[in-house]
Amino acid sequence: MILLPALLIHTAAGAQFYVDENDKASTKWEYVSSKNFRIIYPVGSDSLATDYLRALELYRPEVAKSVGMVSGQFMSKPLDVILHTSNSVSNGIVAWTPSRVDLYTIPMWTEPNALPWLTNLAIHEGRHMAQMQSGYRRIFRPFRFILGQLASGAFNAYPGSLLSEGDAVVAETALSKAGRGRKASFLDQYMYDMDNGALRSYPKARYGSIYRPAPDNYALGYMMVSAARVKYDAPYFMAEYLDYVARRPYDPWPLRHNLRRISGTKFRRTYSDLMHYHYDIWKEEAKLRTPFVPYEELTPCKSAMSWYTNIMEMEDGELLCIKKDIYNVPKMIRIGEDGKEKNLFSLPSYIGRVSRHEDKLYWNQVRRNPRWGLVYDSEIVEYDLNRSKKRRIRSDAGNYNPICLNDSTLAAVQYSANALSSIVLLDANSGKLLKRYSIPEVLQAGTMTTDGNVIYFTASCEEGMGIWRIKEGQMEELLEPVSVNIANLECHDGLVFFRCDHNGVDEFYIFNPDKGEVLQLTSSRYGGREFARKNDGSVVFARLNGRGTNLVKNNPEDILSRKVDWSRPHSNAVADALSAQEDTLVFSQRLKHLRKVDMEADMDFSAPSRYVKAAHAFRIHSWAPLYVNIDAVESLSFDNVFNVAAPGASLWFQNSMGTLYGQLGYKISRFKSTEWFHSAHINLTYKGLYPVFEFQFHVNERKSKTFDMVEAHMADVRIPIGYKVEDTRFPYVYSILRTYIPLQWSDGLWYKGLIPQASIMLSNDMTDGKICFLLNAGVRAYIQQATPAAAVYPRWGIGAELRWLDPYGYFYLYSYLPGLGWGQGLKLSIMGQMDTGLRTSDTYISGRTLIIPRGYQESPLSSVYTEGMKFSADYAIPFNMGDWNIGSAFLCTRGIITPHFDASLLRPQGERNLLKYTYHPEGQLYSAGLSFEMDFNAFFWVKTPVRFGLTYSYNFGSLFPYSGLDKHSYMGVLFNIQIPN
Amino acid sequence: MANNILEGKCCSCGAEIQKEIDRSINVGLKPELKDKVFSGEIFVSECPSCGTKNLMVFDCLYHDPKERFMVWLVPSRQLDMNQIQAINYQAKSMGEYKLRLVTGFRDFIEKTMILDAGLNDRCIELVKYVEAKEMGAEMGQLFYCGIQDSSLMFYAIKDGKMTSFGIGMNVYEDCMGILMRNEGMLEEEGFARIDAEWVEEFMA
Chain A
45 MILLPALLIH
55 TAAGAQFYVD
65 ENDKASTKWE
75 YVSSKNFRII
85 YPVGSDSLAT
95 DYLRALELYR
105 PEVAKSVGMV
115 SGQFMSKPLD
125 VILHTSNSVS
135 NGIVAWTPSR
145 VDLYTIPMWT
155 EPNALPWLTN
165 LAIHEGRHMA
175 QMQSGYRRIF
185 RPFRFILGQL
195 ASGAFNAYPG
205 SLLSEGDAVV
215 AETALSKAGR
225 GRKASFLDQY
235 MYDMDNGALR
245 SYPKARYGSI
255 YRPAPDNYAL
265 GYMMVSAARV
275 KYDAPYFMAE
285 YLDYVARRPY
295 DPWPLRHNLR
305 RISGTKFRRT
315 YSDLMHYHYD
325 IWKEEAKLRT
335 PFVPYEELTP
345 CKSAMSWYTN
355 IMEMEDGELL
365 CIKKDIYNVP
375 KMIRIGEDGK
385 EKNLFSLPSY
395 IGRVSRHEDK
405 LYWNQVRRNP
415 RWGLVYDSEI
425 VEYDLNRSKK
435 RRIRSDAGNY
445 NPICLNDSTL
455 AAVQYSANAL
465 SSIVLLDANS
475 GKLLKRYSIP
485 EVLQAGTMTT
495 DGNVIYFTAS
505 CEEGMGIWRI
515 KEGQMEELLE
525 PVSVNIANLE
535 CHDGLVFFRC
545 DHNGVDEFYI
555 FNPDKGEVLQ
565 LTSSRYGGRE
575 FARKNDGSVV
585 FARLNGRGTN
595 LVKNNPEDIL
605 SRKVDWSRPH
615 SNAVADALSA
625 QEDTLVFSQR
635 LKHLRKVDME
645 ADMDFSAPSR
655 YVKAAHAFRI
665 HSWAPLYVNI
675 DAVESLSFDN
685 VFNVAAPGAS
695 LWFQNSMGTL
705 YGQLGYKISR
715 FKSTEWFHSA
725 HINLTYKGLY
735 PVFEFQFHVN
745 ERKSKTFDMV
755 EAHMADVRIP
765 IGYKVEDTRF
775 PYVYSILRTY
785 IPLQWSDGLW
795 YKGLIPQASI
805 MLSNDMTDGK
815 ICFLLNAGVR
825 AYIQQATPAA
835 AVYPRWGIGA
845 ELRWLDPYGY
855 FYLYSYLPGL
865 GWGQGLKLSI
875 MGQMDTGLRT
885 SDTYISGRTL
895 IIPRGYQESP
905 LSSVYTEGMK
915 FSADYAIPFN
925 MGDWNIGSAF
935 LCTRGIITPH
945 FDASLLRPQG
955 ERNLLKYTYH
965 PEGQLYSAGL
975 SFEMDFNAFF
985 WVKTPVRFGL
995 TYSYNFGSLF
1005 PYSGLDKHSY
1015 MGVLFNIQIP
1025 N
Chain B
4 MANNILEGKC
14 CSCGAEIQKE
24 IDRSINVGLK
34 PELKDKVFSG
44 EIFVSECPSC
54 GTKNLMVFDC
64 LYHDPKERFM
74 VWLVPSRQLD
84 MNQIQAINYQ
94 AKSMGEYKLR
104 LVTGFRDFIE
114 KTMILDAGLN
124 DRCIELVKYV
134 EAKEMGAEMG
144 QLFYCGIQDS
154 SLMFYAIKDG
164 KMTSFGIGMN
174 VYEDCMGILM
184 RNEGMLEEEG
194 FARIDAEWVE
204 EFMA
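Going down the list, the protein sequences come from chains A and B.
Quick note on numbering: the first sequence equals residues 45 to 1025 in my numbering.
Quick note on numbering: the second sequence equals residues 4 to 207 in my numbering.
Warning: the hint list may mix true and false statements.
Some residues of chain A that are not near chain B, with every Cβ distance over 12 Å (derived) [claimed, not checked]: (1) Phe311; (2) Ser393; (3) Ser466; (4) Lys607; (5) Thr811.
Output of the computed footprint for chain B on chain A, the stretches with three or more beta carbons under 8 Å from beta carbons of chain B [claimed, not checked]: (6) 318-331; (7) 751-757.
Because the hints were derived from the structure by calculation, they are not lab data.
Note that beta-carbon positions come from the ideal geometry of N, C-alpha and C, so glycine has one too.
From just these sequences and the hints, can you work out the full model?
Here's what the structure looks like:
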C-alpha cells in the first residue's frame, strides 16, 4: 500500500525541481529583455540573444491563439530564457518549477530539419511557455500564493509529455511551412503499422516498449492533437483541455472526458478514429503515388528490432552502413553481396553523417567537458578501413558533418556562438583551418557532399530547405528552398543524389545542376529511411518493416526518371488544415480572458547589460506552509513520516543558471514530547565552482547537550561513574559539508567518471568538552560502454570505489562482461570492509555492512560481522514480456531473470556462543538464488521506468547455523523506480 | 526502606561525611531526582572538608509510575526475600510492572535509563553482547547511556577512562528479532536480573 504514495510523492519531487547540468563557471553572462522575456546569454552572443528575443516576441501572440493563454499572462516578471551556446546537443527545455527556459542554440545537425532551429525553438518552446500559464489559473490560482511555483509544477502532470509535446509540434507545424508534422519520417512508422494491422492500443503507444520501440510522445501527441483539432473541427481543443483540468483537477481521466466531448464516442473508439483519420489520408495519397517500384531484399527482416542508416557503397560493390539494434551499441558493418554482415567497429549513437573518401570514413562526434555538463565539443574522427584505426582530428572549433575533398582537405560545417553557419576547409592531417565560407545569416547549413571540387550542401530558411553549392569559391543557390526535408546527399559524376519527402514520403532524387532538373528515382509505399546509389545503377534503401528497417534494392531497370516540379511539393492535408485554423482564430471572439492581456509583441528591447550572478543567487520560486524534507522524499525513506513533513514552512530557491539551489525551512516539533522547538533548516548546493559543495545546517531541533563524565573517589582511586547529560541553554546545531568533483568523460559510446568526495559532520553536542564530528572521504571511478535499450548491463565496463567512513575502510570493484545470449550480461563484483583503526573522534556510528550475502537480510549477522569480503556474480537474462498492460495503469514490457551467487569471507569473531549461534573462528556465508523482475513503463498511471519483482536465495555456508535464520530459503521483494524526465 | 542519612568517611582526608539519601526514588513524586540518577550524582557526595567527591553507593528502589517500572539496587547482594515478596505483591497490585534487580550502581543507572527511554533491556543486553564480541574483550564492559541522532549511545571504561560510541538502531532491531524468535528469553517473574549473566545463560 505504501508503493503508490511513495511513487507519486517521489515522482512529484523529482519532476518538479528541475536542475540541469552547468555551463563553465568562468562564463560571463549578459542579458537583454523585453516586457515578456529576459534572455540571459554568454558574452559575445548579443546578436543571437536579440534574434531569439525578437522571435519569441513575434511568435508569442501566435502560439497563444489556440492554447488559450499567452506566455507571461499570469507572471509578474519577464520569463528568464537562458541561451546555452557551448552545447553540441540541440534542445530546448521549459521548466515549470522553477519557471525557466533553457535553449541550446546549436542547430539540429544530426538530421537537419527544414524549419530553422531558432524558429523551431521560438514556436515549440513558446507554446510550452503558454501552456505553463495553466498552472496559475482557476483552482490553481490561490495555490500560487500558498505554494508559489510548486502549484504550476503540479499542474504539469496533467498534460504530461504526450499532450504538451504533441501540442507544441502541432504549433510548429501550423505556424510554419516546415514543422515536424510535415516531415515524412516523423510519422511513417504509423503508416506502416496501420497498413499492416499493427496499430498499438493507446496504452502501448503511450508508454512504449523496449523490444518494439514505439514512435515517441512527440509523434503520438501530434497524431492525436492534430486529428482532434481537424477531424472534429476543434481548434481550441488544447485550450479547452487545459481550462478543464484547471477547473477540475480531480478528474483522473481528463483526456478521456475532453475527447469524448468532441467526438461523442468512448475513448478507445475516439483514439482509433483519430489515428485512422491520418491513415485514411495516407491511403489516398499512397494511391496517387502508384505505381511503386518493385524491390528485392538484400538483408532479411530481423527478429530483433534493427535499423540501417548511412548506407555507402564500396568500390567492390559491398555496402557499408551503420546498424542499430536494441541489443547492441551502434556498429559500422559491411554487407556482402550475399547479404552477410560483418561488424567493423562500434559507434556512439549521437554522431553526424558518416562520409567516405576512398578507404577512409569521416564523421563528427561530440565530447563532453569533464566537469561542465553543458559544454560539449564536436570533433572529427577519421577511420582507416584498411588499418582498422581511428584518428581524432582536433580543431579549434566544433565541426559537423565533415566530408573529404581530397587527400589533404576536409570540409565541415561550423556554427558560431551566434549560431551563424559557415563551411570551413580544414587540413586533413592537422585540422588547421584553411578557408572559411560564411553562409548568409538567413540560412542554416546542414549536410554536404562533394565531387572533389564542388561542395554541395543543404540549408534551411523560413521558406524551407534547398541545395546550394560552393564552386570555385563562389556560393550559389541550386535548388530553391521549399517546404521539404532533404538529407542523404551524394554526388556522382557531377550529379547530386538526395533523399527528400517532396511527394509526401522519403524517396530518392537526382538533381542535375547543369540542367536545373530534379528527377524522382524511386517510388515506394512507405518511402525509405536511407538511400544509396550503387555503381551498377541500382538503388539500395532501408525499408520500413514491423521490426525496424531492412535493406532492399531497386534494380536499374526499375529506376524511375520522373520529372519533378520542385516548386510544388506535397501538400500535407492535416498540417495545412491546422495552419488554416490558426489563420481564422481571433482572440476576442472565444478567449475573453485574453482581452485584457497585452498581446502586442514588445520590440523595445533593453540594452545588453551585465548579468551579475551574485545578484540573482537566491531566486525564491516556491514555498509551502509545511516543512518538507526533500532529501527524505527523494530517498524514498518513509520510515518516519515526520521526517518527510512537519508543521512549519519551507521556501525553495534556485538561481537561473541552476548553479545554486536549496531550501530554507522552519519546523515546529516536540522533542521527547515535552517541549516545543522552533527549528531552522538550510539545504544548499552550489555547483558554480569546480568542486560541488553541498551544505546542510539545522539549528534548534532541540537543545544542545553536554555529555560530561561524573567521577568520584573510592578509596584512593578515582573512578568514572556515568555521564551527566545536560541540556545547555544553546540550541542544537547540526551541520554537514560535503564536496565532490563530478568528473565525467563521454563520447556517447564510452562513459568514464572520476568522482573524489569528502564530507564532515559537525554538531555542538559536547562530549567531555569536545565537539562531535565525523569525517568521510572516498573516490569512485568507472569506465563503461553505453547500455543498449534491451540490455540490463553495459556490454563492457569496470569500476571501483574506495571510501573511508570513520573508522571503516571500504572498497568496491565491479566489472561488466557480455553474456551468451541477446541482451544478457554478467556482473562480477567484490567488496570489502575493515576497521582501519583511524578514528578522528571518540564518537562513531557502526552502520549496517554490505559484506553479508543477499538472502541474509533478516539475520543479525549483518551487524555482527563488520569486517570481511564479499564476491558477487549476477547473470542477467532479459526477455520479452509482450508489453502486457492493465488498462492505462500498468504496462509491463520486459522480464529479467537473474541467477546470482554471493560468497562472503568473514573475519573471526571469537569462540563464544551467542544464544544458539556459535561464533566460528573463521567463517563463510554463501547464497545462491534467482531474481525475477518485471520492467514497467507505466506503474499506477505514472509513465516512468519501474522495476518490480521477487528474489529467492538459498543460504548456506559454515556460518549459516549462527545466522539466526530458521530456513535456508529467503524470499524478498525488489522495487526500483527512476525519476521521470 | 526509609529515607535516611548515610554516613561515611572521606577517602581523601578521612573527614566524616553525612549524605541525605532517598532510598525510595519515586520520580513520579520527585521528577528532579531522575537526572541525578541518570548522571550518577545521586551516588556522589562531596567532602565538606576537602571537597573530594566520594562514591557512596546505597541500596535503593527507583520507581517510575508513569513508565511502570521499578529498578532495585542491592549493592550488597544480601537480598531480603521478605522485602522482595512484599514489593512483588505491591507491584502486582498496581498492574503490569517491569521489575529489575541490579547489584551495581552503573547497572542501576543504565537500567533506569534504558527503561525510561522505552527500550527493551533484554535487547540492549544482547546488543552489548554482540558489540562486545565485535570490538573485542579489550573494550571492557559496555553501558547504555542514551540515544543520539538515531543511534544507541554506549560507554565503556578502560584504564579509568570512559569512551563513548554509537551503535546503529539496526543492531537493536536485529537483536529484537532474536528475542522474538526465542520466547524463553521473554519470560518475566518478579524482580528479574537482566544483565550479562542473563545473556550467558542462553549461551550453552
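* Can we trust that Ser466(A) is non-interface, i.e. its beta-carbon lies farther than 12 Å from all of chain B? -> Holds, since 61 Å exceeds 12 Å.
* **Claimed clearance of chain B by Phe311(A), with the beta carbon kept past 12 Å** => 48 Å, holds
* Given as non-interface: Lys607(A), which should sit over 12 Å from chain B by C-beta -> The assertion about Lys607(A) holds, with a minimum of 79 Å to chain B.
* Verdict on chain B covering the region 318-331 of chain A, criterion of 3 CB contacts below 8 Å -> The restraint on the region 318-331 of chain A is violated, since only 0 of its residues have a Cβ under 8 Å from chain B and three are required.
* Whether chain B covers the region 751-757 of chain A (at least 3 residues having a Cβ closer than 8 Å to its Cβ atoms) -> With 6 residues in contact (Cβ-Cβ under 8 Å with chain B), the coverage given for the region 751-757 of chain A holds.
* Closest CB of chain B to the CB of Ser393(A) still more than 12 Å away -> 43 Å, holds
* To do: Determine whether the non-interface label on Thr811(A) survives the test: each CB of chain B must be over 12 Å from its CB.
  => About 6 Å separates Thr811(A) from the closest Cβ of chain B, which leaves it inside 12 Å; violated.
Checked against the numbered hints given earlier, the structure breaks hints 5, 6 and satisfies all the rest.
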